[in-house]
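There are 2 protein chains.
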Amino acid sequence: MSSPSRSLIQYGYASPSDMTWSRSEKAIARQAFDAALKRELHELMQEAKEIAGQIKQPSDLCDLQEYLTQRRKEIDHKYNYRYSHLTQVFGRLLCETRVSEEELRGFSEDKLKTIRSFAKFLAEDVA
Amino acid sequence: MSSPSRSLIQYGYASPSDMTWSRSEKAIARQAFDAALKRELHELMQEAKEIAGQIKQPSDLCDLQEYLTQRRKEIDHKYNYRYSHLTQVFGRLLCETRVSEEELRGFSEDKLKTIRSFAKFLAEDVA
Chain U
510 MSSPSRSLIQ YGYASPSDMT WSRSEKAIAR QAFDAALKRE LHELMQEAKE IAGQIKQPSD
570 LCDLQEYLTQ RRKEIDHKYN YRYSHLTQVF GRLLCETRVS EEELRGFSED KLKTIRSFAK
630 FLAEDVA
Chain L
510 MSSPSRSLIQ YGYASPSDMT WSRSEKAIAR QAFDAALKRE LHELMQEAKE IAGQIKQPSD
570 LCDLQEYLTQ RRKEIDHKYN YRYSHLTQVF GRLLCETRVS EEELRGFSED KLKTIRSFAK
630 FLAEDVA
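If you read the protein sequences in the order shown, they are chains U and L.
Just remember that this note's numbering sits 509 ahead of the position in the first sequence, which is counted from 1.
Just remember that this note's numbering sits 509 ahead of the position in the second sequence, which is counted from 1.
Quick caveat, the hints were computed from the structure, so don't treat them as lab data.
Among the clues, some could well be false.
The list makes no distinction among identical chains, and a pair is therefore deemed to hold if it is satisfied within one copy or across any two copies.
Unchecked claim - List of simulated lysine-lysine pairs, DSS-like, C-alpha gap at most 27 angstroms:
hint, residue 1, residue 2
1, K565, K629
2, K622, K565
3, K565, K587
4, K547, K565
5, K558, K582
6, K535, K558
7, K629, K558
8, K558, K622
9, K558, K547
10, K535, K565
11, K565, K582
12, K629, K587
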């Protein structure tokens, strides 16, 4: 996979690190970010309970341990609340339908454009 | 903690690596080893189910992941089926009451003596 931010800049969008965040945008971002993280962690809690409930043999234990370790790394990596990374973070969350456009309402149009473009870029990259 | 094998050798016991294992001793060792490992893994399976069942918040997920990772490392380290290590392995399992003297019946007296001494050594080291 090529560097997403570089490719997006080539398409004419602002670099995430060039963006400034207004006070109201920061409040919206914090709320949307925390809500998505909370939902993903609750989803993982349910998954862990289900997987653990189905453990029948020792190899299932290893599977659970490896799954939790991998998911923890993914979540730690994904939820990076630095303003210089936030458009990419929300782009990914939008791509994964973990945040809705509704939750991002109030962001400037250039931010939304970058977020949508990054989401589209990721969706095409996965396809 | 000082090196257990070195301390035991100082007490006049044979070095585990000096011991040879007869065919019947190998069969007894394999059976006792596998049975202890199976019991410990089943114990961990039950623990994992119980801990997962009690998950109420995201930090509980981290606790479960860290607990499983740590226990897996411990078990991988503890159950080392090399003949040069087996008296120490059984000494530890005896100390933890994960094998019984009954399961080791058939081992030569020098092996049993080394195993018991190592178990005693570990018990005193923990106390």
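Item to complete: Report the numbers of all earlier hints that the structure fails to satisfy, in ascending order.
Response: The structure conflicts with hints 1, 2, 6, 7, 8, 10, although it agrees with all the remaining ones.
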